[in-house]
Amino acid sequence: MTTLYHEIEVVTSPDRVWSLLTTRVGLNRWWPGEIFIHGGDSWRLQQEDRNMALVFKVVEEVPDRVLEWLCTQGEDDWHNTLVHWRIERHEAKLRLIVEHRDLRKTPEELARLNTQWGVWVDRIGRQLHQEIDTMDDKDLNAWT
Numbered sequence: 001m002t003t004l005y006h007e008i009e010v011v012t013s014p015d016r017v018w019s020l021l022t023t024r025v026g027l028n029r030w031w032p033g034e035i036f037i038h039g040g041d042s043w044r045l046q047q048e049d050r051n052m053a054l055v056f057k058v059v060e061e062v063p064d065r066v067l068e069w070l071c072t073q074g075e076d077d078w079h080n081t082l083v084h085w086r087i088e089r090h091e092a093k094l095r096l097i098v099e100h101r102d103l104r105k106t107p108e109e110l111a112r113l114n115t116q117w118g119v120w121v122d123r124i125g126r127q128l129h130q131e132i133d134t135m136d137d138k139d140l141n142a143w144t
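Residue 13 in this note's numbering sits at position 13 of the sequence shown, and the numbers go up by one each step.
Because the hints were derived from the structure by calculation, they are not lab data. Do not rely on the hints blindly, as some may be mistaken.
To be verified - For each label pair, taking beta carbons as the anchor points, the in silico distance ranges come out as:
1) G40 / N80: 15 to 25 angstroms
2) Q130 / R104: 30 to 40 angstroms
3) G118 / V11: 13 to 23 angstroms
4) H6 / N28: 11 to 21 angstroms
5) N80 / Y5: 16 to 26 angstroms
Values in this document were obtained by computation on a predicted structure and should not be read as measured data. Don't be surprised by glycine CBs; every beta carbon is placed ideally from N, CA and C.
Hey, can you work out the whole structure from these sequences and the hints?
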């Protein structure tokens, strides 16, 4: 099985990064598709280009530091994979690290997904340079 790894450094506060990863409004700002809170500790992503929704369960959470999602439902290549996020202080910046673990894909599929994660992480970086208002999110901290 394979792990994809991406990281960015940003000048922002940990709670701004956290809101992009843990709220419906935040997730919608960088991950295209419809986000639905799916129970107290899970959420669902429906994308137009996927045959079935992806459902993620939060399996580890240390606010403003560590977040891990387990894909509990989805296409075979995503099912039972882990998306592990870390927020680390690095000098005057924050380092956001994401690892997509336990992937079972061909080299060609891994290359496409690796590129897609690069796009998503770049979107997160761009969002962190803008003002984010998640206070209108009914689901704010729904699983914490």
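Checked hints:
no.: 1; hint: G40 / N80: 15 to 25 angstroms; result: 21 angstroms, holds
no.: 2; hint: Q130 / R104: 30 to 40 angstroms; result: 36 angstroms, holds
no.: 3; hint: G118 / V11: 13 to 23 angstroms; result: 20 angstroms, holds
no.: 4; hint: H6 / N28: 11 to 21 angstroms; result: 20 angstroms, holds
no.: 5; hint: N80 / Y5: 16 to 26 angstroms; result: 19 angstroms, holds
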